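**Q** Starting from the structure of chain H, add chain S where the hints point.
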Amino acid sequence: MRAGRIGLPMMLPALVFLCGFLVYPVLSTAINSLYHDSPVTGREYCGLDNYGRLLQDEQALRTVEFTFIFALSSVALEMVAGVLIALAINRVITGKGFIRAAVILPWAVPTVVAAVMWKYVFNDQYGILNYALFGDSLEMYRAWLARPVTARLAIIAADVWKASSFVALIALAGLQSVPRELLEAARIDGAKAVKRFFFVTLPLIRPALLVALLFRVMDAFRVFDLVYVMTQGAPAEKTSVMQYFGYLKMFPEQQYGYGSAVSVLVFLVIALLSVALVRTMGRRAVAK
Amino acid sequence: MTNRYGALVVMTLAVVLCSCGGERPQQEGTVVISVLTWRPNSPQTWEQAIARFEEGNPGIEVDLQTGPSSSTQLHDMLAQRLRNRDSSVDVFVMDVVWPPEFAAVGWALPLDTLFEPGERELFFDGCVDAVTWEESVYGVPFFLDAGVLYYRTDLLERYGQDPPGTWSAMVRTADSIVSGEADPGLYGYSAQMAQYEGLVCDMLELVGSAGGSLMRPEEPEAIRALRFARDSLVHLEGMSPPGILIYKEQESLELFASGGAVFHRNWPYAWAVCADSATSDVVGKIGISVLPRFPGGESVSALGGWSFGVSPFSPHPEESWRFVSFMTSPEIQRLFAVEVGKPPARRSLYSDSAVLEANPHFRRMADVFENATPRPRSPVYPQISHRLQSFLHEAVGDPESDVPEMAAEAAEGLREILSRAEE
Numbered sequence: 001m002r003a004g005r006i007g008l009p010m011m012l013p014a015l016v017f018l019c020g021f022l023v024y025p026v027l028s029t030a031i032n033s034l035y036h037d038s039p040v041t042g043r044e045y046c047g048l049d050n051y052g053r054l055l056q057d058e059q060a061l062r063t064v065e066f067t068f069i070f071a072l073s074s075v076a077l078e079m080v081a082g083v084l085i086a087l088a089i090n091r092v093i094t095g096k097g098f099i100r101a102a103v104i105l106p107w108a109v110p111t112v113v114a115a116v117m118w119k120y121v122f123n124d125q126y127g128i129l130n131y132a133l134f135g136d137s138l139e140m141y142r143a144w145l146a147r148p149v150t151a152r153l154a155i156i157a158a159d160v161w162k163a164s165s166f167v168a169l170i171a172l173a174g175l176q177s178v179p180r181e182l183l184e185a186a187r188i189d190g191a192k193a194v195k196r197f198f199f200v201t202l203p204l205i206r207p208a209l210l211v212a213l214l215f216r217v218m219d220a221f222r223v224f225d226l227v228y229v230m231t232q233g234a235p236a237e238k239t240s241v242m243q244y245f246g247y248l249k250m251f252p253e254q255q256y257g258y259g260s261a262v263s264v265l266v267f268l269v270i271a272l273l274s275v276a277l278v279r280t281m282g283r284r285a286v287a288k
Numbered sequence: 001m002t003n004r005y006g007a008l009v010v011m012t013l014a015v016v017l018c019s020c021g022g023e024r025p026q027q028e029g030t031v032v033i034s035v036l037t038w039r040p041n042s043p044q045t046w047e048q049a050i051a052r053f054e055e056g057n058p059g060i061e062v063d064l065q066t067g068p069s070s071s072t073q074l075h076d077m078l079a080q081r082l083r084n085r086d087s088s089v090d091v092f093v094m095d096v097v098w099p100p101e102f103a104a105v106g107w108a109l110p111l112d113t114l115f116e117p118g119e120r121e122l123f124f125d126g127c128v129d130a131v132t133w134e135e136s137v138y139g140v141p142f143f144l145d146a147g148v149l150y151y152r153t154d155l156l157e158r159y160g161q162d163p164p165g166t167w168s169a170m171v172r173t174a175d176s177i178v179s180g181e182a183d184p185g186l187y188g189y190s191a192q193m194a195q196y197e198g199l200v201c202d203m204l205e206l207v208g209s210a211g212g213s214l215m216r217p218e219e220p221e222a223i224r225a226l227r228f229a230r231d232s233l234v235h236l237e238g239m240s241p242p243g244i245l246i247y248k249e250q251e252s253l254e255l256f257a258s259g260g261a262v263f264h265r266n267w268p269y270a271w272a273v274c275a276d277s278a279t280s281d282v283v284g285k286i287g288i289s290v291l292p293r294f295p296g297g298e299s300v301s302a303l304g305g306w307s308f309g310v311s312p313f314s315p316h317p318e319e320s321w322r323f324v325s326f327m328t329s330p331e332i333q334r335l336f337a338v339e340v341g342k343p344p345a346r347r348s349l350y351s352d353s354a355v356l357e358a359n360p361h362f363r364r365m366a367d368v369f370e371n372a373t374p375r376p377r378s379p380v381y382p383q384i385s386h387r388l389q390s391f392l393h394e395a396v397g398d399p400e401s402d403v404p405e406m407a408a409e410a411a412e413g414l415r416e417i418l419s420r421a422e423e
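Going line by line, the protein sequences match chains H and S. Last residue of the first sequence: 288 (the working numbering), numbering continuous. Last residue of the second sequence: 423 (the working numbering), numbering continuous.
Chain H extracted, bound-state conformation (with noise of 0.2 angstroms):
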């Protein structure tokens, strides 16, 4: 009884906070993707028209297409290194926090000055890669942003580089809470060190790496900052994404009821995912 009469008052900060910051964006962004709106036309209800036209437009959809792939490969190859990094890391005895700070220097970069260190990586005349692959061999030097396949690989190596370090913390903590009798008992039963990972260490951190698992994905397909320093979508909108291709739409061009109705495509995809991924967690949670 008394938590009930104090508890309303008491939440009533965080729930005006949550409806003004997060309700009220979302609902006002799904609203005006109902509408024609651009300063040009002027504001007139349409109903599902921007959607017709988004699935209809061929820009758009090539971004959602370079969207899957992005973010497919590089959760997967950052899932498998953050892996490998926290094992690694998890035997080192001596210089341990040294060691963990510079692996998780990446993730303490922010995105943007990553994607411009990247950026010049990556750069045809003074990137430091075709120092190392060419050496003095200027007319081996290659455009690697020019190319729609190298492009693609270059903005995945950009994001693995960078988020690998946080799959690999949080897996670090999953593996610090692996008891040490379970692969000292599996050793004595003489499992090699590969199936002592498979049988007893994998299952024991998988809830830790569903959790990594769930925030990289919902990173992966919302990124734009790499897309917006490195490549601007080019060459030919093959390295654009969807929320690259929304800010084109809502900023440059003023299209704000068309740019809010691929804003909305994008909370979509994202709140399906997440809500399968967290759903799957739970199940395993209660399975076991």
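Simulated from the structure, these hints should not be mistaken for laboratory data. Predicted, not measured: the structure shown is a model, and the values here were computed from it. Note that the Cβ used here is the ideal one computed from N, Cα and C, for glycine as well.
Computed list of chain H residues with no C-beta within reach of chain S, every gap over 12 angstroms: (1) C19; (2) L27; (3) F68; (4) K96; (5) F98; (6) V103; (7) V113; (8) I128; (9) L175; (10) A186; (11) V200; (12) L202.
Covered stretches of chain S (chain H as the covering partner; in silico rule of three or more C-beta atoms under 8 angstroms from a C-beta of chain H): (13) 95 to 105; (14) 184 to 194; (15) 241 to 251; (16) 372 to 385; (17) 393 to 405.
Taking CB as the label site, the calculated pair distances span: (18) S:S277 to H:S137: 23 to 31 angstroms; (19) H:E65 to S:E400: 18 to 26 angstroms; (20) S:T153 to H:V121: 31 to 39 angstroms; (21) S:E400 to H:Q56: 21 to 29 angstroms; (22) S:S42 to H:S28: 41 to 49 angstroms; (23) S:P374 to H:V16: 50 to 58 angstroms; (24) H:A102 to S:P360: 50 to 58 angstroms.
**A** Then chain S, alone, in the frame of chain H:
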């Protein structure tokens, strides 16, 4: 403990209060007008101009706000403010492609009675057309830009070549020099072919000099020009650097100024950069000429440049106009021409001895400036530009591109954009 927190609160408050009242102390009756411009290469020239204005106009103070140096980003910033009827900007610079949009949407004050027809005749027609929309003028031209061709006089002389008249002659000349020099760091041609606004300008010149138009990319003239750009400029071995598809003005100019290219397409400002030994290895070895054409076509230069507009939400339109009129006066256009090498929008300055002394190439370029070709004019230009950028970048960037099919798609996309804007 409590004391320390107390001190912290006081300090925080003090910082907040100070930053709220941080504006310059004003005298009674002084009007402050805010001017938004791109981040200038030479802030001291702006300061000098503003100091002269304030001296001649006691009672008006100018607060210069600098935005990003990219035109697209400055457009984002300005549009955001004007859309919200923000009165914190009184005067702003407008890129040559903005006035139709600003006029249609009501983001720039019509200046018909202030910028009178007699006065307009003193400016280049192209610049005045650029600030005119549906019979009204919305800005006053400040300076203009037009694409020109730079070349290495030393290399052309060594191989007994003349500056080329046609694009294929340019490729032949470049080819013979590049193979003769056998230097892996030397390319034939450097230009702006990243997927951005500059690509539209570069391609407008190529397509236009074949007799085509960017708004009708499916026509044979445009297709011919784009195929030439793809096969002979971008993908011909040794003709352009591998990075040309991600080069904007700066990267392409750096290559030319470091001696890495025989020919270079850029705006007039590149002359000053190439003539300065601090930024250039080719001082005294460069010439300037009109851009090449296709046989049967005429040389075309894309029109660029900036004008000043006044915000309709400004509380001080009269003082704002005084500033615009001052900044576009012969005195200030001369200052910017001499100090920064900006081609003035006023015709008379092309026979001005101070301007010509600092920019000897202006004498021959006045015709190019007079006849520069504008980009498509529309209130929805940003949409048109993005559609064109995407099409052009793939058409010239992908060595196996099916240009006619992509051009047909782009033409359809352009028609759709225009019909949506009519609704």
